[in-house]
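J.: Single-letter residue listing:
4 protein chains.
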Amino acid sequence: MTFELFPTTEAGRQFVALAEQHATDFATRAEKHDREGSFPFENFEALDKSGFMAAALPAEFGGMGVESIYDIMVGISRLARGDASTAIAANMHITGGSAIVRHMRRCETNGDDKTAALIRALLQQVAKNKLVMCFPTTEAGTDLNSPMMEAVPTDGGYILNGRKIFGTISPAAHLFFPIVRVPSGPEQFLTATALVARDVPGVEVKDNWDSLGMRASGSNDVIFTNCFIPEERLFAKRESYGKIGKGNTDFALIGYLPLIAAFVGIAETARDFAVNVVQTQRKGRNLKRLCDRVPIQHFIAEIEIELAASRAITERVGCAAAAFLRKYATEDAPTDEANLLNKEVQCMKYVVNRKAIDIVDKAMIVCGGAAYMSKHPLARLYRDVRAGPFMQPFAPYEAFEYIGKIALGLDPQIDR
Amino acid sequence: MTFELFPTTEAGRQFVALAEQHATDFATRAEKHDREGSFPFENFEALDKSGFMAAALPAEFGGMGVESIYDIMVGISRLARGDASTAIAANMHITGGSAIVRHMRRCETNGDDKTAALIRALLQQVAKNKLVMCFPTTEAGTDLNSPMMEAVPTDGGYILNGRKIFGTISPAAHLFFPIVRVPSGPEQFLTATALVARDVPGVEVKDNWDSLGMRASGSNDVIFTNCFIPEERLFAKRESYGKIGKGNTDFALIGYLPLIAAFVGIAETARDFAVNVVQTQRKGRNLKRLCDRVPIQHFIAEIEIELAASRAITERVGCAAAAFLRKYATEDAPTDEANLLNKEVQCMKYVVNRKAIDIVDKAMIVCGGAAYMSKHPLARLYRDVRAGPFMQPFAPYEAFEYIGKIALGLDPQIDR
Amino acid sequence: MTFELFPTTEAGRQFVALAEQHATDFATRAEKHDREGSFPFENFEALDKSGFMAAALPAEFGGMGVESIYDIMVGISRLARGDASTAIAANMHITGGSAIVRHMRRCETNGDDKTAALIRALLQQVAKNKLVMCFPTTEAGTDLNSPMMEAVPTDGGYILNGRKIFGTISPAAHLFFPIVRVPSGPEQFLTATALVARDVPGVEVKDNWDSLGMRASGSNDVIFTNCFIPEERLFAKRESYGKIGKGNTDFALIGYLPLIAAFVGIAETARDFAVNVVQTQRKGRNLKRLCDRVPIQHFIAEIEIELAASRAITERVGCAAAAFLRKYATEDAPTDEANLLNKEVQCMKYVVNRKAIDIVDKAMIVCGGAAYMSKHPLARLYRDVRAGPFMQPFAPYEAFEYIGKIALGLDPQIDR
Amino acid sequence: MTFELFPTTEAGRQFVALAEQHATDFATRAEKHDREGSFPFENFEALDKSGFMAAALPAEFGGMGVESIYDIMVGISRLARGDASTAIAANMHITGGSAIVRHMRRCETNGDDKTAALIRALLQQVAKNKLVMCFPTTEAGTDLNSPMMEAVPTDGGYILNGRKIFGTISPAAHLFFPIVRVPSGPEQFLTATALVARDVPGVEVKDNWDSLGMRASGSNDVIFTNCFIPEERLFAKRESYGKIGKGNTDFALIGYLPLIAAFVGIAETARDFAVNVVQTQRKGRNLKRLCDRVPIQHFIAEIEIELAASRAITERVGCAAAAFLRKYATEDAPTDEANLLNKEVQCMKYVVNRKAIDIVDKAMIVCGGAAYMSKHPLARLYRDVRAGPFMQPFAPYEAFEYIGKIALGLDPQIDR
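Protein chains in written order, with this note's numbering: chain A, -7 to 408; chain B, -7 to 408; chain C, -7 to 408; chain D, -7 to 408.
In short, the hints are calculated from the structure, not lab data.
Some hints could be false.
It does not matter which identical chain is used: a pair holds within one copy or between any two.
Claimed, not checked - Restricting the straight-line Cα-Cα distance to at most 25 angstroms, the calculated cross-link-like pairs of lysine to any residue (SDA-like) are:
no., residue 1, residue 2
1, 280, 17
2, 319, -7
3, 24, 199
4, 275, 244
5, 280, 166
6, 280, 177
7, 198, 112
8, 198, 361
So here's chain A without its partners, still in its complex pose (with noise of 0.2 angstroms):
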């Protein structure tokens, strides 16, 4: 494969590298943990063995200091060439954490020196002890703005009550940062993140987990219920509730962009596979090789563009990002500049997604009725690859409509 994406630091290469290795052992599962829809634990443990669950740690806990986000896209585009499920389940937990360090590093800047040493003793605990952490963001029925899971406050701390769903990697979690509402008023709402151990009374993982595709990410369900926290377990307040754009862009950044990565890697595989199929299979009486055949040649060509939009636009919007992350590092990024970087990343989304949904329907095509048995790569990918459009912060149709508004100058806010 040529043209493939490329990270950009020495940091990037080593966990680029160890992604291919990775990839390359997972595949060998992915269709068995894909039929059974059981969470692979084992890649998780060799995740951990091989130092990258810690990629986004620095070198003083042990990790590989990857700093740059685009980096790390590259690295989940490449995880998820062998086993999709793994690779946005690794993701939840290591843009977790690179956000968890962006937000230490601001501490400290910043002089909240008590914050950034609770961080610190709460980032030395996940190295030592390789904890996983899960970041469950969605509820039914509303946005990512407007979490309707709530943090009562109460002697020393509060109260958490709620339901996330699509909580991916929840099986392994050790722990886990539901964002929530703050009551600060009459029907008015602080938002915040909490950290809460698995062991807490209260907290449930569900194994609920049964879809289309993306079967072993573990997104299963978590309940929340009467679960005390101490009020430092509580993070990042901020009054940005209901409201698009406003604050917290990191987290939001941080964790999709490598998410719509992982699809290039999806539609990466589905070419490759095709492309050796027909580079091999004969049909017809004339036992003719498929890729002989100029109609095949003309399918195979239409993948090609598609990728190549594909990887171009994430390498762009990629690189983009990693830029805006390096130079609001330490402050917060104003709100308009955060939304036409925003806009930027919705196209890339809408691209990839698309690109990759249309790529493994060619694949398919080329493949002819094998693809369509079970067992077949390309059923698998079929499935996996439509996870895209529904993934966060917007369905398609809110996209548009936020694009639009972003680029006419127009205050975001949705119809919804």
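Following the hints, complete the assembly by docking chains B, C and D onto the known chain A.
T.: Only chains B, C and D this time, still in chain A's reference frame:
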């Protein structure tokens, strides 16, 4: 739902009314059979009991006497609204029957009384004993016009050897009608259709249909090993081996047109499901109905446009095919005219297949993440609908070449 | 060309036959009028002489008595094969006539003998003196349902003021029928249709139609400055100001359907031109015929598919509209039913407009750089065909909203 | 406008800044030259005066020394925002110069001092006398690799005969560099580039460029009848006749990449125009701003997505091409590697051409009927933008085949 497809004859109307009743019933079991990959024997009992399975048989055999292929298309599309797997399996039997009745009529007209009598006796058996017929045509690695399964002449008959795939309805079948080749010289063959009862020694119906979608269609491999059939059970020998569009147009048209129409039914179900969800579901902090959001209206409009185009081409080409079959009831159609019609049929297949895929995709978009759960009806439709482009007689890349060649007045022999 | 659209009545067949003859003639002058932007008066002389312009008039007025709107659509699509500008200009007069005849019949049925007699006299004048009728409806900055042109009551009649744009056929017109509003209270209006002869003082037909395409359609501005008309020349007053789909469905359907069909004719001409070029042209060192290249066959196939879909939806919706108009010949259709039909019409408009644009584009691709020269027929079609999406009553972005709202059972009032 | 393309070198930044200034100026005359089909001599005077025309010449010749092909792409895209015709005409001269400079450098490195000195003298002449260079490559009925124009050896030189089409910038040209074939055996040829001054007897520049769009580019036929050139004016003889991707990659890459980028500039202008119109225009009875309608936002979002993809692939492939040209500055690139890059370039061309066409189309949609008037900027862009798919070296149907063959590791010789 408005602007549905409607049948054009009285017999057709009865057939479609039955289809709608069965669809409502079958819809209740579709999820279960899909999950299990089990064959819906109880559906076929119901179809037998109601007389639906005898749709194509003339009244003299106790059938409904539906003669218009367009009306059969409409009925199969209606049945597919409830369970597409059952619809395509039922179609195999019903339109196989249509083709046999036509062959009988043609023999009568052309004075081949012996064959006519044989077929008459066969149909009486089918009607009396409610025999189920399966017409396995596909083989791995070759095309429909060039079967590798062979009928070698022997004393008093033929010895059959070969392996058919995609043997839809095979679990319930009593009679198999594989397309075979018959040696006629060095490297030369005729094509013919064999009739092999299930209890003939050497017939093996595998239980290996484990597919992405259409999981309840029972499209197993059917293997014939040294099966003996008496001479009169080899029908319709033709000098058409390896040639496109030469003879036997009947069966291709009759069998494949309702298969295409089944995807209109899938699209209609997806559309209705989506409309119902957005009319009732409320999301976001303001609990606004989804349908009151303009961007949702946009996606519903795209579905409407695609469905309108899909139905229109189904009606236009279906009615043209019905007229063609009436015109050539007692003689073979000229190859050129058959190819011109078949070009339109391939255009219809492409439009209907792709639009159905697009409609299911957009229905999933407006329904949101819930549609990605295994038990969600759209998750099943997403898998079922992808069967379309794999269906015979052409892969999409072949269809473009065929359509182009016919439109340009060239020899339709495609590059394979 | 096979699988053309065919008329359904005997009168329709005569009309379509005439259209084909005229198309052949007009094609010889299309390039000249396009280049000059001149109005093809000689075409309209020919259309007058052959009786084509009187197509919609009943036999009693010396007309052809074509009553089926679908047959008129087919005829206009045929005429557009030769010269689309002339086709849409002729349609303005012909379908305006259809609407007037319908109004007369309705008045007769409903006992409004006075109006019926007035219309009868008008039609006799039109027939006898070969008067050309123009129905200018569009104004800048507002929509069809909300005309700003006003008819203010005065002694014995009305004073008209307003400016219409896109006054197709205006250079040849003797009679104008602008849609106007009539004050009916504070900020309240009725809508109505006025009849203004060209020689009424204050009527000015500009010579300012200088457009990208459809350059011979004479779609000039028509300005009315203090024009007096007697009371009986204001027809069909309705309480529908600013409302979508209320009343007067007749005119919209009757006038716009053949306008849409004209684009089928453009697409057919582009298709035929391309097929002819690739069948005869040889390129490259080997002088291979273009049509013998598989990639060319692919593009021709795409054209065939798009044309098949385009014709199918034209036939299906056109026939549904013809049935609707027959059903509601003597009374207003219920608004809901009219909207349901109109939703399908807007689907048809979208499909036909876009497919025609795509077909011309692909025809240019296979014809190569020669198609980019000013005098090349495809260069004209490329400009003509882009008129489609601008046509009334909805811009594409409005059409999606309208279709979605109707499909969802909502009030069709769109966001403008 | 945000997320524009930016140059990567200091020389590039100066070049792009100049391009922006010229674009603003040229935009004021674009409509006039388009209407007249006249060559914008005054634009080229301005480009000469500012030094823009000498962009590719090294400082020693008084040029700007822009070496990065990507930076030239960005500059040409900027110029195209104002007047695409001028941009593609200027590109012909500028990138022709780049190719000549590269050839000179290569001769110096490889010890061909004689040719290097000749080229140096030529470039000095070009710089000193502000000579304009035209590189006519296209001929009717053959492909770029198989020119029919012939250079037949004669005493002391060659006699040239042939007719080139699409001779962009020819009205202003002083020097012509046609690609020719040189007989090398029976039915065997070499390819080479000739240098013919305009005043050589037998050179005729027609005034016959009358096209759909790009009307001010002066792309006339240039006819060579028995033109004599001395031996040293025939350059770069190669054994590549009729072969794809063999040698001379330089010129193809260098010349065509900025031509593709010009369409990014057209798309950007269309996008900005549309955004401005909908931000300011009010329509409908309520005088709501167009941009406040959600369906308008949807179409603007589609434009944004397409523009983001278009820019991204332009940047990614442009930068890859720049690196490739740096890597192979002094030797021919291996054919395989050149083909792999060229595959990406063809993917880029397809994406940029089609997206630009789509963006102009959607800009017209949101601007409404006004955009269909001859003088409207979008009516010009609609015609200009359609030039893209016709541009060398492949028609779209050839490009698919080429891309597919390269991706599949096959011989790229396409079916022509």
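J.: Give a verdict on every hint.
T.: Consistency of the hints with the structure:
When the C-alpha separation of residue 280 and residue 17 is checked against a cutoff of 25 angstroms, the pair qualifies neither within a copy, at 34 angstroms, nor between copies, at 47 angstroms. Only between protomers do residue 319 and residue -7 lie at most 25 angstroms apart by alpha-carbon distance; the minimum there is 20 angstroms, versus 34 angstroms within a single protomer. In the homo-oligomer, the alpha carbons of residue 24 and residue 199 lie at most 25 angstroms apart both inside one protomer (18 angstroms) and across protomers (21 angstroms), since each shortest distance falls under that limit. For the homomeric pair residue 275 and residue 244, the shortest alpha-carbon distance between copies (21 angstroms) is at most 25 angstroms, but the shortest distance inside one copy (48 angstroms) is not.
When the C-alpha separation of residue 280 and residue 166 is checked against a cutoff of 25 angstroms, the pair qualifies neither within a copy, at 55 angstroms, nor between copies, at 37 angstroms. Taking CA atoms no more than 25 angstroms apart as the test, residue 280 paired with residue 177 passes between copies only; the shortest distance there is 23 angstroms, against 74 angstroms inside one copy. Taking identical chains as interchangeable, the C-alpha atoms of residue 198 and residue 112 are never at most 25 angstroms apart, the minima being 30 angstroms within one chain and 61 angstroms between chains. In this homomeric assembly, residue 198 and residue 361 come within 25 angstroms of each other (Cα to Cα) only across copies, at 18 angstroms, whereas the closest approach inside a single copy is 37 angstroms.
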